[in-house]
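Enquirer: Listed below, chain by chain, are the residues.
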Amino acid sequence: MNAGSDEDTHRAIERVARESYGRLLARLASHTRDVASAEDVLGDALVAALTTWPRDGVPRNPEGWLITTARHFFIDRARHELVARAHDALLSAGLSTPNDEAMASEFPDERLELLFVCTHPAIDPAMHTPLMLQTVLGLDAARIAQAFLVSPATMGQRLVRVKTKIRAAGIPFEVPNVSELPGRLDAVLEAIYAAFGIGWSATAGIDERGRGLAEEAIWLARVLLDLMPDEPEALGLLSLMLHCEARGPARRGPGERYIPLSEQDPRRWSLGTIEEAERHLARASTFGRTGRFQLEAAIQSVHSGRAHGQETDWPAIAVFYERLARLSPTMRTLTGRAAAVAEAASHTAGLAALDTIPHESVSTYQPYWAVRAHLLQRLGRSGDAADAFDRAIGLTEDPAVRAFLLDKRPD
Amino acid sequence: MQFALLIYESPKAFAARKNDDPDPYIGAWRAYYKAIVDAGVYVGGDALEVPETATTVRLTNGTRRVQDGPCAETKEQLAGICVLELSSLDAALDWAARCPAASLGAVEVRPLAPDAKHRITG
Numbered sequence: 001m002n003a004g005s006d007e008d009t010h011r012a013i014e015r016v017a018r019e020s021y022g023r024l025l026a027r028l029a030s031h032t033r034d035v036a037s038a039e040d041v042l043g044d045a046l047v048a049a050l051t052t053w054p055r056d057g058v059p060r061n062p063e064g065w066l067i068t069t070a071r072h073f074f075i076d077r078a079r080h081e082l083v084a085r086a087h088d089a090l091l092s093a094g095l096s097t098p099n100d101e102a103m104a105s106e107f108p109d110e111r112l113e114l115l116f117v118c119t120h121p122a123i124d125p126a127m128h129t130p131l132m133l134q135t136v137l138g139l140d141a142a143r144i145a146q147a148f149l150v151s152p153a154t155m156g157q158r159l160v161r162v163k164t165k166i167r168a169a170g171i172p173f174e175v176p177n178v179s180e181l182p183g184r185l186d187a188v189l190e191a192i193y194a195a196f197g198i199g200w201s202a203t204a205g206i207d208e209r210g211r212g213l214a215e216e217a218i219w220l221a222r223v224l225l226d227l228m229p230d231e232p233e234a235l236g237l238l239s240l241m242l243h244c245e246a247r248g249p250a251r252r253g254p255g256e257r258y259i260p261l262s263e264q265d266p267r268r269w270s271l272g273t274i275e276e277a278e279r280h281l282a283r284a285s286t287f288g289r290t291g292r293f294q295l296e297a298a299i300q301s302v303h304s305g306r307a308h309g310q311e312t313d314w315p316a317i318a319v320f321y322e323r324l325a326r327l328s329p330t331m332r333t334l335t336g337r338a339a340a341v342a343e344a345a346s347h348t349a350g351l352a353a354l355d356t357i358p359h360e361s362v363s364t365y366q367p368y369w370a371v372r373a374h375l376l377q378r379l380g381r382s383g384d385a386a387d388a389f390d391r392a393i394g395l396t397e398d399p400a401v402r403a404f405l406l407d408k409r410p411d
Numbered sequence: 001m002q003f004a005l006l007i008y009e010s011p012k013a014f015a016a017r018k019n020d021d022p023d024p025y026i027g028a029w030r031a032y033y034k035a036i037v038d039a040g041v042y043v044g045g046d047a048l049e050v051p052e053t054a055t056t057v058r059l060t061n062g063t064r065r066v067q068d069g070p071c072a073e074t075k076e077q078l079a080g081i082c083v084l085e086l087s088s089l090d091a092a093l094d095w096a097a098r099c100p101a102a103s104l105g106a107v108e109v110r111p112l113a114p115d116a117k118h119r120i121t122g
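Here the protein sequences line up with chains B and V, keeping their order. FYI, in my numbering the residues of the first sequence are 1 to 411. FYI, in my numbering the residues of the second sequence are 1 to 122.
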C-alpha cells in the first residue's frame, strides 16, 4: 500500500474504474450471467474503495482488491437472500475462497465474451449499443439515455429488462465458434459504430447529448482489437473512426459555423491521428479479407489524402462505394455512392444514381435531400433545388447545418 | 398513435415573426413543415399569437378573475402546437429534435389522450 494525497487516491479510483470497469464486470458476471448483480456489487466495491483507499492507501493490485471486495458483497447478498440457486451459482463459480486468487494473480480478461453477450441475437438490436456502453465502459443509464434521446427512466427500464433476459434466457458468456463468428462479430462492430455515429454528430455541437461518445466508441474498438488483434474488420472500424475523428476541429468555423468536408482546411486535421488510421488500414489489408468497415475506412483515407496536398480522387471513392453498395446497400451507402458518382462522372449521373433509391425509404433521411439539393442547384434547376433544400433543412437537428443550408438555398 | 408537439419559444423566436423575409427561423419552420407533410405524419396544428396578447381567466368562489398575460410567467412561452401521427414516442422525439424551436426554446412531446376525449365527446 502506498499512501498518497486524497486527490491522488481519487484519481487512482477513477482510473481503475475507467480502465478496468469492463474487465471487472465481465469477470464477475461471466459465471453467474447475472449482469445486474455484478454491476451492483462492483458499484459497492467502488464505493468501498472511496472510503478505504484514502485511509489505507491505494492497494498494490487495485483491480484485485476491487474484485475480491465485490465478491465479498456477492456472497453477503447470497447469504442474505438465502436463494439456493444463487448460492449454487456462486459455489460453482469457485467463489468460496474469495481472498487469494484475485489478490495474488492476474485474472482472465473476459470483456470479449461480454461484448458478444451484449450483441447476442436474442437481444433487441436497438439495445446492443446501450448495453455495451453500460457494461463495458460503465456509463450510467442517464448519460446513455441522453445520447439515445429517451428519458433516463425509460433507458433504465430497458437496460434492466435486457439484463433479466440475459440471465433468464441463458445467453452464454462465450466467444462464438468459428462458423458463427463472422455474423456475431458484425453485430459487435455495428454496435460500436452506432455509438460513434451518435457521438460524431453530437460533438459537432448540436447539444450535449452524446458528447464524448465518439471517444468512448474508439476506446471500445481498441478494447476489441486488444482481444482480437488479427481481425481485419475490427482494424477497419478503428481506422474509419480515427479518420473521421482527425477532422473534428475542422468541422466548425468561427461562431460554430458548419463547414462541410469539401470546404475544410486540411491543415486543421490531426496528422498523427490520420497516420494511426492509415497504419490500421494497411495492416487490415494484409489479411486479404475486405469487408464493409475496411471499405468505409478506405473512402475516408482517400479524403484524408488532402492532408498531404493530394486532390480528392473521386473515381477511387466511387469504386469503393460501388463495392460497398454490393456488400450492404444501405441508404447511407447509396447516397454516398451517388455523391461520389456526381463528382467522378457528372452531376446528371449523380442525380440518376439518387433516383434509383426507392423514394419512400428516404422521406426522413436528411443526407439524401442535402445531396439532391446540391446536385439540382449545380444543374441549374433552382425550383427543384429549393424544394430539396427545404426537405434537407426540415430534417436536420443541427442548427449549424440548418443555417448552412438556408444560406445555400436559392430564393 | 398521435402526439402533440407543444412548441415553446423564447422571446427571440417570437420576435422573428416581425422580421422581413428571408428570416432564418421562419425559413427553418417552412422547411420543417414541408418535411412533416411530405413524410406523411402531419395531422394538424396551429400557431398562437404572442404571449402579450394572452388573457387568463380563473373563477375563484364564483368571482371572475381576469389576468393580463399568460397562465404562467416563464421565459419560454407556448407558441403553437403540431399534432403528428407516429408509430412511437421515439419517432416523436426525433421529430421534436428536428423542430426549429428545439434550439430556440423547447418542444414538449405529449401523446394525445383519445380515451379522455371520448369520455367528454361520447
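Take the hints with a grain of salt, since some may be wrong.
Said to hold, decoys possible - Every beta carbon over 10 angstroms from chain V, so not counted as near; a handful from chain B, in silico:
#1 D44
#2 A48
#3 P172
#4 E180
#5 G212
#6 Y258
#7 D265
#8 L271
#9 T364
#10 D387
#11 F389
#12 T396
#13 P399
#14 A403
Said to hold, decoys possible - Here chain B is said to cover these stretches of chain V; the calculated rule only asks that three of the stretch's residues, wherever they fall, bring their Cβ under 8 angstroms from a Cβ of chain B:
#15 20-28
#16 57-65
#17 75-81
No wet-lab data here; the hints were simulated from the structure. The structure presented is a predicted model; accordingly, all values stated were derived computationally and were not measured. Glycine included, C-beta positions come from ideal geometry on N, C-alpha and C.
Enquirer: Taking the hints in turn, state whether each one holds.
Expert: Status of the hints after comparison with the structure:
1. Non-interface status of B:D44 relative to chain V is upheld: no Cβ of that chain comes within 10 angstroms, the nearest being about 33 angstroms off.
2. Under the 10 angstroms C-beta cut-off, the non-interface status given to B:A48 relative to chain V holds; the minimum distance is some 38 angstroms.
3. Distance check on B:P172: its Cβ is at least 30 angstroms (rounded) from any Cβ of chain V, clearing the 10 angstroms threshold; non-interface status holds.
4. Once the 10 angstroms rule is applied to beta carbons, B:E180 is consistent with being away from chain V; the minimum gap is 30 angstroms.
5. Distance check on B:G212: its Cβ is at least 19 angstroms (rounded) from any Cβ of chain V, clearing the 10 angstroms threshold; non-interface status holds.
6. At roughly 13 angstroms from the closest C-beta of chain V, the C-beta of B:Y258 stays outside 10 angstroms, upholding its exclusion from the interface.
7. Annotated as non-interface, B:D265 keeps its C-beta farther than 10 angstroms from every C-beta of chain V; the closest such distance is 25 angstroms.
8. Even its closest Cβ contact with chain V, about 34 angstroms, leaves B:L271 beyond 10 angstroms, as expected for a residue assigned away from the interface.
9. With a least CB separation of 5 angstroms from chain V, B:T364 falls inside the 10 angstroms interface cut-off, contrary to its annotation.
10. Listed as a non-interface residue, B:D387 fails to keep its Cβ farther than 10 angstroms from every Cβ of chain V; the least gap is roughly 8 angstroms.
11. For B:F389, the condition that its CB be more than 10 angstroms from all CB atoms of chain V is violated, with the nearest at approximately 7 angstroms.
12. At roughly 7 angstroms, the least C-beta separation between B:T396 and chain V is not larger than 10 angstroms, which violates its mark as non-interface.
13. The claim that B:P399 is not at the interface with chain V is violated, since a C-beta of that chain comes within 10 angstroms of its own (minimum 4 angstroms).
14. For B:A403, the non-interface assignment is contradicted: its Cβ lies about 6 angstroms from the closest Cβ of chain V, within the 10 angstroms cut-off.
15. Restraint check on the segment 20-28 of chain V versus chain B: 4 residues with Cβ-Cβ distances below 8 angstroms, three needed, restraint holds.
16. Counting residues of the segment 57-65 of chain V whose C-beta lies closer than 8 angstroms to any C-beta of chain B gives 0; at least three are required, and the coverage claim is violated.
17. Note: the segment 75-81 of chain V has 0 residues with beta-carbon separation from chain B under 8 angstroms; the three-residue rule is not met and the coverage is violated.
Going down the numbered hints, you'll see the structure goes against 9, 10, 11, 12, 13, 14, 16 and 17, while the others check out.
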